[in-house]
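Chains as they are written, first to last, in our numbering: chain A, 169 to 613; chain B, 231 to 534; chain C, 21 to 295.
Rather than coming from a laboratory, the hints here were simulated on the basis of the structure. Ideal Cβ positions, reconstructed from N, Cα and C, are used throughout, including at glycine. Honestly, I wouldn't trust all of these hints.
Stated by the list, open to error - So, partial list: chain B residues that the calculated Cβ filter (under 7 Å) puts toward chain C:
| id | residue |
| --- | --- |
| 1 | A348 |
| 2 | M359 |
| 3 | I447 |
| 4 | T469 |
Claimed, not checked - Here are the computed distance ranges between Cβ atoms for each label pair:
| id | chain 1 | residue 1 | chain 2 | residue 2 | range |
| --- | --- | --- | --- | --- | --- |
| 5 | C | R123 | A | A600 | 44 to 50 Å |
| 6 | B | F297 | C | W88 | 48 to 54 Å |
| 7 | C | H89 | B | A442 | 53 to 59 Å |
| 8 | B | F297 | C | R123 | 31 to 37 Å |
| 9 | B | A400 | A | E510 | 45 to 51 Å |
Single-letter residue listing:
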Amino acid sequence: MFAFSSFCRKTVLSVLIAGTALGSGLSAAQADSTLTIATVNNGDMIIMRQLSKEFEKTHPTIHLNWVTLEENILRQRVTTDVATGAGQFDIMTIGNYEVPIWAKQKWLAEIAPTAAYDVNDILPAVRSGLTYQDKLYALPFYAESVMTYYRKDLFEKAGLKMPESPTYDQIRQFADKITDKSNQVYGICLRGKPGWGENMAFVTSMVNSFGGQWFGNGWKPMLDSAAWKAAINWYVSALKADGPPGATSNGFNENLALFASGHCGIWIDSTVAGGLLFDPKQSQVADKVGFAASPKGAYGKGPTWLWSWNLAIPASSKHTEDAQTFVTWATSKEYVQLVAREKGWVAVPAGTRQSTYDNPDYQKAAPFAAFVKNAIANSDPNGQTAEPRPYTGAQFVSIPQFQAIGTQVGQTIAAALSGQMTVDQALSASQASTTRTMRQASYLR
Amino acid sequence: MDATTMTTAPPPVRAGSTSGRKSGILLLSPAVVLLLVWSIVPLLLTLWYSFRNYNLVDPTMHGFAGFSNYWYLLTDPDFLEALRNTALLVVGVLVISVGGGTLLAVLYDQEFFGRGIARVLVISPFFVMPTVSALLWKNLMLHPIYGVYAWMMRSVGLTPIDWLQRFPMATVMMIVAWEWLPFAVLILLTAVQSLDTEQREAALLDGAGPVARFRHIILPHLSRAITVVVMIETIYLLTIFAEIMVTTAGGPGVASTNLAYMIYARALLQFDVGGASAGGVIAIVIANIVAMFLVRAVARNLEA
Amino acid sequence: MAVKRSRGASIAIGSLGWIIALWIFFPLFWMFLTGFKSEVDAIATPPHLFFRPTLVSYAEVFERANYWHFALNTVLISVGATFVAILLSIPAAYAMAFLPGKRTKGTLLWMLSTRMLPPVGVLVPIYLIARDTHLLDTVVGLAIVDMLTNLPITVWMLYTFFREVPLPILEAGRMDGANRWQEITVVLLPLAVPGIASTALLSMILCWNEAFWSLNLTSSQAAPLTAFIASFSSPEGLFFGKLSAASTLAVAPILIFGWFSQKQLVRGLTFGAVK
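Hey, can you work out the whole structure from these sequences and the hints?
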């Protein structure tokens, strides 16, 4: 017993010592500074983390402390932190959905890069999404729009040709023809995993093109409209007929894995997948991938998709200046060059800088480059839908309540996809729950 | 909670004197005071928030909300579903782990080659963290394309079932049972082993068959251990959420949303602290009702 | 075991025992194997049972995250929380077992019921308190929370163990002039060592695997292995190999610890509640 308790006493002492050591470690580092960076576990961010050793070499007084988390957990961590002003992080990786909303709450520090940073080199569509009242509140690390990927070999075998700008009806016909379930080749893969940033990103973009929208005049939810029904019916029936099993658990990453391992014929998703699918190290179909514009629905116009992952500095950070030094470094032209040198041009963060797209080496390494740039330029997040709308945002609605609404509607759409409800039931349930949330948030009387 | 409901007459031998009671209170107080602070302070804050408009991402909404958070929660059609799923999960896993645990305890009480190693293998899942076991089952075992179970079904000519989409609640229940069955085996095996040999031999001499032996000797002997298993597992099963978050995120629809996950979604996906607090208050009420029944049963069994 | 069985019956029982054991253990075994596959092998259909083992996934996991930092935090937190919980439970359980009052049962019930509400229900208040006391992202802060969540269970388990100690032994000690302190430390504790050890083991295991608070109250300095896993749960591209390697690393220490202490755990339990 005595041995036992003395063992424990030692451990507790060491716990306490470790605790105080951590505390004093932090205060001793005041002269220097330690930046805590919260980031998502995407490939580009992991490269940034590796290459940040270069930054620490050139900036010896700034130390970096990384917190890498899966997207959902990251979002819940940084939101709790910034909203309570806890100040655990100095740099946060957030989307263009959060930036204007958080800037409005004065949760973010303004960013004013030097002339050498060349702010005007950032693609205008991306830059305007990070601007609130003419001030910049985050810098883009990479940006994406939407496009259609398909397997050239399967299309050839079936005697099909993908048009440059297909329609949803055509996509369905193609998918029917190339599906070969006995060999586990599924004609179409789409996001089915519920979440406002997962299935609802794709669904919203598709619905816009079908002529639907989330809200009409006076914030009236419009989920029971004919356009929504047409779009969701297309989505559910295409995935049921030609989709992979387990579609409701497939998000971006799962579909990427499916396509890269040769299980998908067509996949409509974010443009960042291009860099991964064309990379033979990560994809078994690198030499067989073709691409086209995102499909068009009955309406054929409307905002498509614009997402960027950005680095922002919470107002609660105590190292705002040093944080800005890092943020500008990680989104600079020089950083792009560094990635190109270390990892090759195909791994360069996409969608942010004109200079990247002007670079002949990048154009050679990424055959889809010009295409992606166009998709981003035409994503039109502030544009109009079939009917006038009171909100902005391409594949999301730029109001704080959209996370709640998107999550809930996403679940209901997934229930329709899994066959638990019909499409009509799902949409009227979604209309009801959205109306409730909007009423609770006093948008509706 | 009324203390008198619990008094199943303390054992008379142990009844303390006045001075005894005083030092009893003194000895109890550190733990009790800490737990009081730990449970009362957040409880009061939760109660306070549950009557306020408080959304983390929309500070423009604030002020007193009256009962509206409760109203929105209780009239939400998903709420009843969540209650039903909570009960289903607790009862289902308890049945599987206690039923299976008893049978396995008897099985691993038998002498056979390599029994020690087999026992260690069986109890292993209990040591695995919930997130890991959920990830493991979702990706490596049950994935409809790459998963081992899909491969087994294909190799006998069946179409693989997408478990998490077709039977979400049953699959979550299965994963949770995989984690907790070993715990039941551990406890129940201990109890079976403590049954003295004389009792068994006496039963054998009386000519009791294996079924009769199981029913009349082993089961009654296990009742206390079973109560312990039910007690500890219920505590954890009521608050299960990591497994659901990782595998189904409560879906499809709300097919696998339990109360804990529903509150989680309110608090950390929708950032509606007011609504989540109202859910928390309701969960506390439910916890106390369950605890009342449970501890009564446990108390009866342990006094016996 | 005095029960005699035919040879056939014992073979049947033995194989049944092994089949069930292997079936239950299989997912962990498969995880271990997959950690040594390349990403392409890991998602091959049909799955490869025989493959060329590689350490690529492990190398990548170690490159992406400082495993030892997370593991050390987990050890500090679980050991610290368990130790303090036991320290507080011993007097409480003693008082409940030997000096019961009218409210003893009620107190016990209430303690256990604190454990039954979903922690997320009180996340925001706790988060704000941790922020204001500067305990966010500290080993001490998380250890305190883990200790408090386990306290009801340790008190209850110790209570059941102490009740098994025959009162006359304690009374004999009292006759010899032992005061309360000596009664506990000299008479009771040595008798209850197996029970205390198995309570501590259980508490260690529960702390090690606690995922909610550890994810929400830490960021980097005090992040334990549950946070380590959260960065591998679904990264871009193929990830089954890395996921398996990271999972194996997160689980292995407690699993091995569990295997070795399993006997101890059982011995303690025999002594108390489940006898």
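Worksheet entry | Status of the hint placing A348 (chain B) at chain C (closest C-beta pair under 7 Å) | holds, 4 Å
>> Interface hint check: M359 (chain B), Cβ to nearest Cβ on chain C, cutoff 7 Å. Holds or violated?
In response: holds, 4 Å
Check your understanding: Falls inside 31 to 37 Å, the C-beta gap from F297 (chain B) to R123 (chain C)?
Key -> holds, 33 Å
Given the hint of 45 to 51 Å, is the C-beta distance from A400 (chain B) to E510 (chain A) inside that range or not? holds, 48 Å
Evaluate the given range 48 to 54 Å for the C-beta pair formed by F297 (chain B) and W88 (chain C).
-> Holds, since F297 (chain B) and W88 (chain C) (Cβ atoms, about 51 Å apart) stay within the stated range.
| task | Using the beta carbons of H89 (chain C) and A442 (chain B), state whether their distance is inside 53 to 59 Å or not. | result | Holds: the Cβ-Cβ distance is about 58 Å, inside 53 to 59 Å.
Does I447 (chain B) pass the interface check with chain C, least Cβ-Cβ distance below 7 Å? violated, 12 Å
Problem set entry | Whether the CB-CB distance between R123 (chain C) and A600 (chain A) falls inside 44 to 50 Å | Since the Cβ atoms of R123 (chain C) and A600 (chain A) sit about 48 Å apart, the hinted range of 44 to 50 Å holds.
Please check whether T469 (chain B) passes as an interface residue: C-beta within 7 Å of a C-beta belonging to chain C. Holds, because the Cβ-Cβ distance from T469 (chain B) to chain C comes to roughly 5 Å (cut-off 7 Å).
Hint 3 alone, counting from the list given before, is not met by this structure.
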